[in-house]
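J.: For the record, in the sequence shown the residue sitting at position 34 is 40 according to our numbering, with numbers rising by one throughout.
No wet-lab data here; the hints were simulated from the structure. You may find that some hints are simply not true.
Unchecked claim - Here are the in silico distance ranges between beta carbons for each label pair:
(1) R180 with P43: 43 to 49 Å
(2) V82 with E197: 54 to 60 Å
(3) P96 with T74: 54 to 60 Å
(4) R180 with P159: 20 to 26 Å
In this text, a Cβ means the ideal position worked out from N, Cα and C, and glycines have one as well.
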Amino acid sequence: MTRIIAARVETQERGEMIVAALRKQQFDETQVFYVNPPGQHAAHPLRGDMESDSGAQSAPEGQAAGATAGAAVGAVVGAVASVSAPLVAPAVVAGLAGVGAHVGGLVGAMTRTRDAEDEREATQREDPGPEARDTRRGGLMVAVNLGDADEGPVVELLQRMGATDIERADGTWRNGDWVDFDPVAPPKLVEPEHEER
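Please model the entire structure based on the sequences and the hints provided.
T.: Quick look at the structure:
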């Protein structure tokens with residue numbers, strides 16, 4: 007395995023400047039590449055990156071609570087409505103309880119999901135919150151094959167030149183490329199003590 011340091015850069019020009027600076031320090035095996043935003047890596051057969059969206063993980067609990075409340079409301083409405091037609095009362099109560107459960111389940115599930123703005127904030131803000139720590143943000147990345155060299159000078163240079171989300175990785179480097187880069191693997195960000203150099 008090859009020791010690799012990688013980081014996000016804002017522009018292609020910045021990435022090329024960093025590569026040139028790294029090559030001046032004898033780090034010749036460097037690469038600039040684009041990483042798709044979270045959710046756009048087609049890692050699963052039905053597309054997407056995960057089995058379930060992190061913003062919808064609480065939806066089943068909301069659906070259950072909503073269905074229960076909706077069934078109760080539907081049953082009460084059915085009981086009140088069936089006063090005028092006592093022969094069909096059981097069918098009316100059951101039917102309205104079912105409709106109430108269905109509508110309540112939908113509403114309950116929707117109230118427990120994260121909206122698009124919250125999802126974008128969780129993955130794209132400059133300082134991601136704890137809920138997004140295992141997510142690699144999309145954009146341009148610079149990667150450098152460290153070989154046997156110390157990572158300190160590389161991390162320092164990346165910080166000085168405005169790179170963000172600096173991470174360590176072990177991977178396969180072949181013909182100038184990080185060939186087994188996994189965009190959905192949680193990044194191993196450089197510890198804060200290294201960032202204070």
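J.: Hint says 43 to 49 Å; check whether the CB-CB distance for R180 and P43 agrees.
T.: Violated - the Cβ-Cβ distance for R180 and P43, about 26 Å, lies outside 43 to 49 Å.
J.: Is the hinted range of 54 to 60 Å satisfied by the C-beta distance from P96 to T74?
T.: Roughly 20 Å apart at Cβ, these two residues miss the hinted range, so it is violated.
J.: CB of V82 to CB of E197, is that within 54 to 60 Å?
T.: At 58 Å between Cβs, range holds.
J.: If you check the beta carbons of R180 and P159, does the distance land in 20 to 26 Å?
T.: 24 Å, holds
In this structure, the earlier hints numbered 1, 3 are contradicted, and the remaining ones agree with it.
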